[in-house]
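Q: Here is how the chains run, residue by residue.
Number of protein chains: 2
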Amino acid sequence: MTDSFFASPGSKAEIEEGERLSPKFDADGLVTAVTVDADDGTVLMVAHMDARALALTIETGIAHYYSRSRGKLWKKGEESGHFQTLVELRVDCDQDAVVLRVRMPALGPGVPGAACHTGHRSCFFRSVPLGTAPSPELKLAVNDEGRLFDPAKVYGAPKKTDTPRF
Amino acid sequence: MTDSFFASPGSKAEIEEGERLSPKFDADGLVTAVTVDADDGTVLMVAHMDARALALTIETGIAHYYSRSRGKLWKKGEESGHFQTLVELRVDCDQDAVVLRVRMPALGPGVPGAACHTGHRSCFFRSVPLGTAPSPELKLAVNDEGRLFDPAKVYGAPKKTDTPRF
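Chains as they are written, first to last, in UniProt numbering: chain U, 1 to 166; chain V, 1 to 166.
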């Protein structure tokens, strides 16, 4: 069924630089999805899409993913209300990854939307110190202003999160 | 050997919000690496890192990946000269993906560095039209200003590219 959504892969040059969308799904039927804030470019999260999630995202303009941990379609925000509306969808040269430029609903006056199930705006809220070989003692630094929402209030019991990893 | 680079995974809470780096490598021993321009946030490329590539990136501050197609360590720029110098390395909540904020050498006066083996600045130089269900006839649109370098001049014969997919 999903085959009918996309073009059959052509030559390497056609895949890499042509005008047809022929996604290269991996052995699990997935492409990598990188989701960024459409306005300031912050990388919000990395997830995956199967053919159906990709097709629904294109058709509706709302981000859909495939949850590997739950083994099913995952419409981001279906439990939390934290939907992602696409401004642009990009595909890379070998068509095994996409970038979603999105907007998310603000959580309050002056409080931006948040993509991470931990309550942080971005899943990438920790930085790795550079310049020396890593060791188990290495300490990550938090690079944001902390949680924007309380996961317990948004998701209830931990099992109910709509953002399993992933 | 590489085990000694990183902390052993702790509890889910420690992995997701703690201060230890304990990357969750997949069945192939890889994490996903998203590389963005440190200054304007443009997503330049998506690739992968094994433990050694991640450790070298942290130690040297220069981006190293693992080339899946060549099955070996890949120091980006080793053939092209298009190295990537890290400004920041971020890790996501479940520690199976990293974001590299990098700077690349300008290709000339007013010409930014380019990350894609096709000669484009970003691998994500095509956009997917939104709003209707995808079909094989869907046409991608080019969203950048074209090639910034000639791959044949930089890499020579096609086989020599340092950016296999991937």
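Be aware that a few hints might be false.
Where chains are identical, the list cannot tell them apart; a pair therefore holds if satisfied intra-copy or between any two copies.
Said to hold, decoys possible - Here are the simulated BS3-like cross-link-like pairs (lysine-lysine), alpha carbons at most 30 Å apart as the crow flies:
1) 12 with 75
2) 153 with 12
3) 24 with 75
4) 24 with 72
5) 72 with 153
6) 12 with 139
7) 139 with 75
8) 153 with 24
9) 24 with 139
10) 139 with 72
11) 153 with 75
These are calculated hints, taken from the structure and not from any lab test.
Q: What are the numbers of the hints that this structure violates, sorted from low to high?
A: none
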